[in-house]
Structures are given as structure tokens and as C-alpha cells.
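Now for the letters of each chain:
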Amino acid sequence: MENVIEVQNLVKKFGNFTAVDNISFEVHKGEIFGFLGANGAGKTTAMRMLCGLSYPTSGSGIVAGFDIRTQAEQVKRQIGYMSQRFSLYEDLTVLDNIELFGGIYGVSKREIAERSEQLLEKLQFTSEKNKRVKDLPQGWKQKLAFSVAVFHRPQIVFLDEPTGGVDPTTRRQFWEMILETAHNGITVFVTTHYMDEAEYCHRVSMMVDGHIEALDSPQNLKLKYHAASMGEVFDLIARGAKRSD
Amino acid sequence: MKEFIAFVKKEFLHIFRDVRTLLILIGMPVVLIMLFGFAISVEIRNVNVGILAPQHEVLIDRLANKIDASEYFTVAKWLTSDQEIDPLMKQGKVDVVLAFDNRFASRLYTKDGAQLGILVDASNPNIAASEAMYLMGIVQNYFQNNTQQQIKTGGLSTNVRMLYNPQLRSSYNFVPGIMGLILIIICALMTSVSIVREKETGTMEVLLVSPIKPIVIVFAKMIPYFVISCVVLLIIFVLSFTLLHVPMAGSLFWIVIISMLYVILALSIGLFISTIVDSQMVAALITAVVFMLPVLMLSGMLFPLESMPKFFQWISSIVPARWFIAAIRKLMIEGLAVQYVLKELAILAGMTLIILGVALKKFNDRLE
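For the record, the sequence lines run as chains A and B.
Residue numbers for the first sequence follow my numbering, so the first one is 1 and each next one is one higher.
Residue numbers for the second sequence follow my numbering, so the first one is 246 and each next one is one higher.
Some clues are possibly wrong.
Derived CB-CB ranges, DEER-like [said to hold, decoys possible]:
no.: 1; chain 1: A; residue 1: N39; chain 2: B; residue 2: E445; range: 14 to 24 Å
no.: 2; chain 1: A; residue 1: R85; chain 2: B; residue 2: R265; range: 20 to 30 Å
no.: 3; chain 1: A; residue 1: H28; chain 2: B; residue 2: I521; range: 17 to 27 Å
no.: 4; chain 1: B; residue 1: K458; chain 2: A; residue 2: E90; range: 17 to 27 Å
Bear in mind the hints are in silico, worked out from the structure with no lab data behind them.
Even glycine gets a Cβ: it sits at the ideal position worked out from N, Cα and C.
One chain only, chain B, in its complex shape (with noise of 0.2 Å):
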């Protein structure tokens, strides 16, 4: 035990005394979090619509007040006419201007209909389609709702439909594929490349010759690793819960026991790869290409794996990340109880207990 000790504190050292690679590991998360809940964000937040309308009208406030009342979009002025819309998005007080008819009420019932325009600032083309989309959302579902006539909204109703495309998924979806990645990094990546170091070094050789057990000196390696995750995966939880208001909503008990199994299948990944490999570039390499790389791509983190060919939909389930990402969307996400990801913590577990199984086996018939 007091050997144990001694090899854990030589592996909590190597990891202090590289500070540069610890700020990395414990930043990487906060910058991730940030990129992919703010700066990817495909959302649109705190629009200012300016109301064009010529006189008052109460289908018009009441539509006003149901715009303003949405999450995305503020409603900053009211406006008269339509020489006052271009210096106030020339200044950026409105970003987007609903255009009202005269007499815009009696004029629904008429023949003709009424004109509705919007008017959008498309200095960035992405974000103006979203808001214009948004907007007629908003609009066509006052009317319906409002009216029992049917009504034309000039030429706009065309457009609807692509409302409801994928891109409209929240930013916090992010959040279990950034854990899903991190957790990859962090174990797998760190851990084979520090057992391969001390083979590269030749420092095992002196470590196998001491008295210390093989499967100790493997141990005391993890525990570090162990320790960093658990600091990372409570970053995470902070971060997602105050910045990006993920609901958090099912048992968090659980939420910790998954990312604690996936944590350990890392480790056994980071010690099966240090089994097979022996120079750190190589360890590295494997780790990106094999096991990083997927979870990016195969483990419906960036693309729905609903929409990949069929190839790649059993590719995808041998990828660990991929029932991980889905058990912890279902909990933090969706708010579901333990009992519908029994299925995705047996396959992680049965994942774990194989990769451990055959590492440690390869570590021992290695030694001899």
C-alpha cells in the first residue's frame, strides 16, 4: 500500500509539474463549452423588430405582444412610416422591421387580402433567414389561431415549411458530445501516452524489476487521470447548468454513474492502446484516429445518425461515445428516468469489461 502511495504521488507529480498540459486538460472543456454554446450557436437570440404600422389596430398589438413575448425576438419600435426603417437598422436598433398595410385589419377580409412585408437585416445572411423564418413562424400561427378566415400573408406562406428543419436543435445539445470527446481525450489519449512514455524512457523496465506488481504500477497510473476527469465532468456540469441552461432534468445520481463507466471504458481504451503500441506518437495517432475521430463523427454528436446510411449506422454502435451521448442526452436533456438507458449502460458496461478484460491480459502476456 505504501508503494501504491508512492506510485500514485510520482503520477499526480509528472501531471503538476507539466503545467501547460494540466491547463490544457482542465481548459479544454470551458473552451469547448463556449465555442459550441455561443459562438457555433445556430439560434437566434434577442432580435429587435421594429412594427411598421400606420395606425394602431388591435389585431396588430396583439400580434406585437406575442412576438415580444417569444424568447428570440424583443419588439424595440413602433414605427409609422417606412423612411424611418433605414436609419434605425443603419444604427442597429432593429434588426428586423414587420411591415403592416394601411387599414391592415379590414383589408384581411377583403378580396385582395392584406400585405404583411418583412424586412430583414442580412448582414449575415444565415442569421437573416433564420429570423425572417422565425418571424413568419410567429405570424402564421397568430393567424391561424386568431382568425377563422382564411388569410393570404402575401406570398409568404411558401417559406413555412423549412421552419421546422434540424438546424432549429439547441446549443446544449452540444453538451454530451463535448463530454463524450473530453473524457476520450483526457483517459484514453493521457493514459497511453504516459505508460508508453516510461517504455520509450525505459523507465518501466526499472519499475517491472521492482518489487511493485505490473497491474499496480497500471492502477496508479489511471488515478490521476480518474481524479482530472471527475474535476472536468463537474466543470462541464457547472458550465452547462449556469451559461448554457441545460435543464439537468433527470436523476443526476445517474448522470454521474454513466460518465464514471465511460470514464473507466476510456482508461481500459487508453491502457489496451498502451499494450499494442510502443512510442508515444503512434499511442497518440491511434488514439485520434481510431477512437477521437469517431466520436465526432459516428456518435450522432455533429450529425444525426438517423441520417447516415445504414453502413454507417452499425459502424456507429461499436463506438462507446455513441450510447454515452445517447444515455446522457436522454438524462440531462430529456429529464427521463434511469430505466429507459438500461440498454446504453449495459452496452457501455459490457464495453468496459471486455476492453479491461483483454488490456489487461495483453499487459500481462507482454510482460513475459
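Chain A extracted, bound-state conformation (with noise of 0.2 Å):
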């Protein structure tokens, strides 16, 4: 199977703090992976060093085929992102914003007049998108993130708790985008608080005190631990740690 992301033995410390210790693991082509583990677990800071934000105290990662540490330029093209704060431009129209940011990833006009057709149409945007995004519901803001996350049809979408403060329907309706993305062989990494959500994953990783505790399907994960559900399986491995909030 084709590996889109490999991590060896990858290390960030902060002064005497070691965030992230030792990790090593892969992301398949395709695959929806998710990145779990508890506040001040590590996950963001590991997040970091993937997308080429942070460089690693010590290892070594290889995203999208570019060396995190010596090509973090090359590595930024071929992702996209999406944080768990709302990361469009509410004082921009729906269509400024897909311009903006097709045009930093550097999608010539044409395409970028194609594709945000379809993808307003998809949405069934059309008529919304000369509205500036401040006027949308809270549900349709968190889509069309998305949407412009992987607008530059990156190879791997990096989603910090994409679903943080949103209503379980419109949660529901975003896993199914997670999905369809997946589908079309856009690789998903994400990070997510709500347990439930791990169960739509292909993997999980369960980080603790910086340390990837368990990595596996969620099946397998709750065979091993004999877990009815994700929750049960988080909150075993979860046990041991010894930093949180």
C-alpha cells in the first residue's frame, strides 16, 4: 500500500519539555486517519511538524513525498488545512474567498472560475456566493472551510477538530464531505475531540504524554481492549497519562 505520510522517531522538544517523544508511524494513500489523544497530548504540535510549521527537534517525516525538514515549501503545495477555529474570511464574499485562496495555492483563473462553479453548484451556494460569509449559518461556514481546504486538490487534508461547536446534524453532514473527499483519493488526517466521530475513521492513532499509545482500525482497537465503542478504548489507553488540562 502506498504511504503518503511516514513519521520515524519523530521528537519536538520545547526547552526541558518534550511535547512530542519518539513517534513513528504511517498514513496510507486514501485512508481517513485519525489523530486522537487528549489536551496537551501532543497532537497539535505533531500536526505542526507535519504541515511544515514546525521543525522537529530530532527524526525524521516525509509528507506527500518532501522531506519535512529540508522541503516544508514543497509540502505546503501539497497540502490542505482546516483548524478548529473558523479559518475563512467572514468581511469576504463566499467567492473571495475561493479566489483567495485558489490563488495562494496558485490555481490559474480559469480553473479557478471552473471549479468554484461546480463546487457552488455542489453546495448549492450559487445564489449565496456574493454574500459575505458572516451572513452564513454556522453550518454552511464550516463547508465551505472545507471545501476551500481541498479547493487545490491537495493529496492530504490536515483537519484540526474540524467539527468543534457545530450541531450533531451538521457534524453528520461534514463526516459524509470527509468521506466523499476520501473517496475521491484525497487522504484525510484529522484530529477530533468526540469519540463517535473516531468510529467513521479507517485508523486511529491514540496519542498520550506524547507518546502514540495504540494504532489501529477501530474495529481491531476495541477487539483488543474489549471496548463496546471508541470511548471505552480512548478512556482505557487514556488512563495512564500524566499531563492534561
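Two chains, each in its own frame: build the complex with the hints.
Following this line, the structure appears as C-alpha cells:
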């Protein structure tokens, strides 16, 4: 199976504090990879290193075929990113936002026009395209933010708690979009607090105190820990945690 | 490059979508120039003078011509008796009356001397005092130049010294100060708030994950405010030339160069502030207290630096606006050549290099 992310012995220290302690894992092409862990377990730090935002203290990582230590620039071109905080420009219109992020990622003008038309149609946003983003309902904003994150057709999209503060219906719709994206061959790397969402993932890693304690499919994890749900699995694994908020 | 253009376009969109802020930015210089130029004027203009002379005398006629020729006064009426004063003043036909004695000229040479009264409409006390002083100055000057003998002008002479008080400064002396203030507001305040806003809303994170280089983000942010500053400068120049009759005596080329340098300095200050704070509120406060207040108080815009205690004079020398204002005053109003502002130019350039250097270093450090 082809790997789009390969991480070996990755370490990140801030002074004496080891935020990410020697983690190694692979992510396969086209899978939905759940990156779970309690607050302070080191998920965000690990993810920032994979996105080329933070330089590893030691260890190596290949993302979309490029080295995160030496080729951060190229890595950034191959990935999409959506953070837990809503991250489009509220004072710009729907179309402005699409054009801006398309432009930043070097998508040509013609391509932008073509793809945004398709996108707006698919989302049934065509009539709202000249509305400012701040006037849209929260659920729509979230969908739009995700669509913008994959607009330039990245190999991998990183989602940092994308469903924080969203109602259950919207969350389900949102996950449908994620599943469809993965189906189209874009790898999804997602962190979440909601353990029911972990069930949607093909494979899940659980981070505790900077280590990866478990990594497998949700089925196998439940079997291994004799748990009925991912929530239970998480509780069992996280019990030994020393750091938390 | 394509990425850069997409980004600059977005920055312009932010500004144009926020029409109110844009109008404030463009309208502020106009309002400030009007305020300082006209409303807060400490000068007197177009004062109507009545001359009460019982008979026509050559001496009085010549004095009247001299008064009429000054830019502050117009001789509006000739009166022959003091009964006429009250109605004319009440109608607003005259603001000041100069009342000569009977047979004024010949009395000048007698032992008792001649009496000259100045009657002022004192409904606005500040203006009245200035009017009386200005008029006395002209009268005094006239008699000193036109008569050999010492002449008493009825005890008025004690006030003459006050004529040369600093209040006589022209309104257009404020123009360089207004430029110093407005450019700090547009460049430093707007830039820092706009960068910090991206941190606050989380869009900065998304930008940093994108392939666009951080340094490009920063420069793209500065460009729209640079353009707006140029527009505002143009407005200030046109207004001060046409409305305030600022001489614009020096080289316009160097005035523009120094203004551009100051704009870049202010933009660097904005960038610097944005690297040390995380909320728009703090950014605005810091700009206001640390950078705008000194422009008002310590730059020589409102209060002359020379009359400040030594301590404040030292502090003022680290206020960028002080050097900018001094340079622009010399070039724009005094009409000096660029050789006389080399010191200011060097200091501004040095400050720009240091602040921009520190800001860029801090900006890069923050990313790690």
C-alpha cells in the first residue's frame, strides 16, 4: 500500500519539555486517519510539524513525498488545512474567499472559475456566492471552509478538530463530505474530541503524553481492549496519562 | 508573483468592504486640516476698522492707508463723532475703532501729547485682545518711522511687547504635525490591527500553512496602506496649498521622499507592534499610547520643544514624528534646501532600518 505520510522517531522539545516523544507511524493514501489524544498529549505539535509549521528537534518525516525538515515549502503545496477555529475571511464574500485561496495555492484563473462554479453548484451555494461569509449560518461556513481547504486538490488534507462547536446534524453532514473526499483519493488526517467520530476513520492513533499508545482500525482496537465503543477504548488508554489540562 | 497579487487583492478587498473605516481614513486629514487651519486659528483676519477723526489730517490718512494695507485689517468706515460708534459696532460693521483727538497732528508736538483711543468689540475676548495688540503694533510702528520726536500715545505703549508672543504662529505651521499624526494612524495603527486581526480570527494559521511565504504576507498587508497614505498625502498637499496657502517653498521631490520614508517607518512600527501583541485591542492601545500620544505632545506639533524641560527634550528625540515634522517644516514652510534636513533624513532612515530589522526578526522568530 502506498504511504503519503511516513514518520520515524519524530521528537519535538520546547526547552526541557518533550511535547512529542519519539513517534513513528504511516498514513496510507486515500484513508481517513484519526489522530486522537487528550488535550496536551502533543497532537497539535505533531500536526504542526507535519504541515511544515514547526521544525522537528530530531527524527524524520516524509509528507506527500517531501521531507518536512528540508522541503517544507513543497510539503505546503501538497496539503490542505482547516483548523478548529473557523478560518475563512468573514468580511469577504463566498466567491472572494474561494478565489483568494485558489490564488494563494497557484490555481490558474480559468481553473478557479471552473471549479468554483462546480463547487457552488454542488454545495447549492450559487445564489449566495456574493454574500459575505459572516452572513452565512455556522454549518454552511464549516462546509465552505472544508471545500476551500481541498479546493486546490491537495494530496492530504489536515483537519484540526473541524467539528468543534457544531450541532450533531451538521457534524454528520460534514463527515459525509469527508468520506466523499477520501473516496476521491484525498487522504484525510483528522484530529477530533468526539469519540463517535473516530468510528468513521479507517485507522486511529491514540496519543498519550507525547507517545502513540495505540494505532489500529477502530474494530481491532475495540476487540483488543474489549470495549463496546471508541470512547471506552480511549478511556482505557488515557487512564495512564500524566499530562492533561 | 501570482500568489502575491491574489493576496494584495484580498487586502484591498478588506479595506474597500469596510467603507466606514476607509471614509474615516480619507476624511480625517480633511477634517483636521480644516480644524487647525480655520476653526482653531489663533490668528485674526479681516477685521473691520472704523476711524474716528474729527477732521481730515494727512498724518491720519497715511496711517489709515497703512492699516488698510495690512492683511489683518480693512478700514471700513470713517466716523466724525463718537455717537456713531455704538450703532456701527452693534451692526457688526466695525470691530475696532481708532479714535483720534481733535487736531491730532498738531497736538502731538505739544507738551501734553495727543490721545489715541482704541475701542474694541470684546464680545470674543481672545480675538479682541489680539486685535487691539495688532492694531497698536501698526500704530506704534507708524509713529516711530514717521516722526523724529518721541511721541506719547496715551499710555498704550506698555502693551506693545506682548505683540511678539508665540501665539502669532501661522495656522499652516500645523500641517507637518497633522501629516505626522495621520500617517502614524493609517500606517502603524491600521497595519498592526489588520495583522493581529488575522491572528485573532485564526486565518493567520491557514495562511502560514499555505505555500505563501510569511514575508510576502507582511508586505502584501503593507501595500494597501502605503497606497492610502499616498492618497492622503496628496489630499493634504492640495488642501494646504489651496486653502491654507502653505508656501510649499522647498523641493516637492524631497518633501515626497521624506514623507515616503516616514510612511515606511510607520508601517514598520505597525509590523513591530503586531509581532509583540495578540489582540487587536492591545495593538490599538499600544499604538495610541506609545506612538500617537508622543506625536501630539513631544514632537513639537502643538508645544514648542525648546520650552520643554531638558528631560522631555531627550525623550522627544526618539519620537520619529519629531524629526519628520522638523524636516517637513524646513522644506515646506521655510523653503530650505535639502542640505538643511540631512540630519533629520539620516535619523529617520536609521530608525526605519532598526525598527524594520527588529520587526522582521521578531516576526520570523514567532513562527518557530
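A/H28 paired with B/I521, Cβ distance criterion 17 to 27 Å: 43 Å, violated
B/K458 paired with A/E90, Cβ distance criterion 17 to 27 Å: With a Cβ separation near 25 Å, B/K458 and A/E90 satisfy 17 to 27 Å, so the hint holds.
A/R85 versus B/R265 beta-carbon gap, inside 20 to 30 Å or not: About 26 Å separates the Cβ atoms of A/R85 and B/R265, which means 20 to 30 Å holds.
Verdict for A/N39, B/E445 (Cβ pair) under range 14 to 24 Å: For A/N39 and B/E445 the Cβ distance comes to about 21 Å; the hint holds.
Going down the numbered hints, you'll see the structure goes against just number 3.
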